[in-house]
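Engineer: Sequence:
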Amino acid sequence: MATLKARNVERELRRLSDAIEAIGRRLDEVDRRFQVAQIEDDGFRRLVTGQWLLLSGDVDAIRQGAFNIRRSLASRDIRKGEEVDVPEAEALTDDPVFWEAIYTEIESQLRGSPEVVAELQRRYLGLIAEVESDLPVVDLGCGRGEFLSLLEEEGIDAVGVDANGTFVASCRDQGFVVEHEDLLQYLEAQPDRSHRAVVLFQVLEHLPFAVLLKTIAEAHRILIPGGVFLGETPNGASLVVGGSTFWLDHTHVQPLHPALLKVLADYFGFERVRVDLFNPPEVPWRLEAEQGGTPVTDAVHGLQGYVLNGQDALLVAYRPADG
Numbered sequence: 171m172a173t174l175k176a177r178n179v180e181r182e183l184r185r186l187s188d189a190i191e192a193i194g195r196r197l198d199e200v201d202r203r204f205q206v207a208q209i210e211d212d213g214f215r216r217l218v219t220g221q222w223l224l225l226s227g228d229v230d231a232i233r234q235g236a237f238n239i240r241r242s243l244a245s246r247d248i249r250k251g252e253e254v255d256v257p258e259a260e261a262l263t264d265d266p267v268f269w270e271a272i273y274t275e276i277e278s279q280l281r282g283s284p285e286v287v288a289e290l291q292r293r294y295l296g297l298i299a300e301v302e303s304d305l306p307v308v309d310l311g312c313g314r315g316e317f318l319s320l321l322e323e324e325g326i327d328a329v330g331v332d333a334n335g336t337f338v339a340s341c342r343d344q345g346f347v348v349e350h351e352d353l354l355q356y357l358e359a360q361p362d363r364s365h366r367a368v369v370l371f372q373v374l375e376h377l378p379f380a381v382l383l384k385t386i387a388e389a390h391r392i393l394i395p396g397g398v399f400l401g402e403t404p405n406g407a408s409l410v411v412g413g414s415t416f417w418l419d420h421t422h423v424q425p426l427h428p429a430l431l432k433v434l435a436d437y438f439g440f441e442r443v444r445v446d447l448f449n450p451p452e453v454p455w456r457l458e459a460e461q462g463g464t465p466v467t468d469a470v471h472g473l474q475g476y477v478l479n480g481q482d483a484l485l486v487a488y489r490p491a492d493g
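If you use our numbering, the sequence shown corresponds to residues 171 to 493, in order.
Treat the hints as calculated values from the structure; they're not laboratory data. If you're wondering where the values come from, they're calculated on a predicted model, not measured in any experiment. Among these hints, one or two may not hold up.
Stated by the list, open to error - Simulated DEER-style distance windows between Cβ atoms:
hint	residue 1	residue 2	range
1	Gly493	Phe379	35 to 41 Å
2	Gly325	Thr421	19 to 25 Å
3	Arg363	Leu383	18 to 24 Å
4	Phe379	Glu285	32 to 38 Å
5	Trp417	Gly493	34 to 40 Å
6	Phe379	Glu441	53 to 59 Å
7	Arg363	Val423	28 to 34 Å
8	Asp492	Pro450	33 to 39 Å
No residue lacks a Cβ here, since even glycine has one placed at the ideal position from N, Cα and C.
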């Protein structure tokens with residue numbers, strides 16, 4: 171009986187999924203016709219575009235909800251030892267919502283709660299406040315919106331950008347302005363000198379090197395003179411990061427050494443470039459500076475520099491005030 175109920179629910183979810191796909195195709199057609207129409211009224215264009223984005227976000231949220239229901243039912247029945255229909259692996263891997271759901275779960279389980287992450291990011295607010303401007307901050311790869319919430323508390327105008335539809339829907343539900351697109355697409359569409367700050371927290375390590383270079387160059391272009399670039403990434407000089415925590419996220423491309431980050435920022439015209447280290451690992455042992463004098467202790471002190479330094483590196487770089 172339980173198996174039959176599970177199958178009925180699964181059938182209903184599939185019907186819902188088919189309906190959502192049909193809505194998505196209709197939205198694509200609306201978008202195509204809208205682009206062809208070449209509407210001249212900018213106000214009306216923005217209104218229609220805004221409504222289209224809201225509908226798109228709703229579809230993403232509904233699809234995510236259906237996936238979560240299916241996952242919860244499967245987990246419940248598996249715990250009970252009951253038979254359950256599991257979607258074919260090939261069908262799952264072809265579904266972008268599946269990948270977004272998996273990444274959302276990884277973020278939730280391994281990075282920490284939004285509250286914990288927000289408290290860690292709070293220390294960066296002072297760097298934003300130092301830049302006097304009414305222009306917005308852009309949070310590229312804004313994720314669950316932790317930094318957007320901090321900026322809102324401070325009354326700082328901000329926009330988020332993320333390619334993950336689940337994160338975008340969640341941020342919009344919180345009332346944040348968030349664009350659902352690739353970060354480079356956003357950057358390339360922005361006018362010169364249009365933002366007071368560009369921030370990327372735990373994003374740089376996800377980028378292929380060519381995209382990383384383009385991101386830094388475009389960030390410099392859209393910043394106002396005196397504007398700040400903040401890039402937080404796992405510390406590539408840490409053995410704890412390189413040998414362990416970096417690989418918790420399957421979408422990471424490469425660890426980035428602080429020295430490399432500084433060279434890249436200098437190359438693309440930033441000034442006052444520095445890298446700050448945060449979040450040293452908690453260990454039950456530590457050889458203090460006064461404990462030494464032997465070859466063994468000297469070797470341990472040298473090793474500690476790679477093991478006990480901060481696990482997170484923050485690149486801080488400014489567009490020249492006269493540039």
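Engineer: Each hint: holds or not?
Structural biologist: Each hint tested on the structure:
1. Gly493 with Phe379: 35 to 41 Å: 25 Å Cβ-Cβ, so the 35 to 41 Å window is violated.
2. Gly325 with Thr421: 19 to 25 Å: violated (33 Å)
3. Arg363 with Leu383: 18 to 24 Å: The hinted range 18 to 24 Å holds for Arg363 and Leu383, with Cβ atoms some 21 Å apart.
4. Phe379 with Glu285: 32 to 38 Å: Holds - the Cβ-Cβ distance for Phe379 and Glu285, about 34 Å, lies within 32 to 38 Å.
5. Trp417 with Gly493: 34 to 40 Å: Given about 38 Å between the Cβ atoms, the range holds.
6. Phe379 with Glu441: 53 to 59 Å: For Phe379 and Glu441 the Cβ distance comes to about 23 Å; the hint is violated.
7. Arg363 with Val423: 28 to 34 Å: holds (30 Å)
8. Asp492 with Pro450: 33 to 39 Å: holds (37 Å)
Figure legend: structure checked against the earlier numbered hints; hints not met, in rising order: 1, 2, 6.
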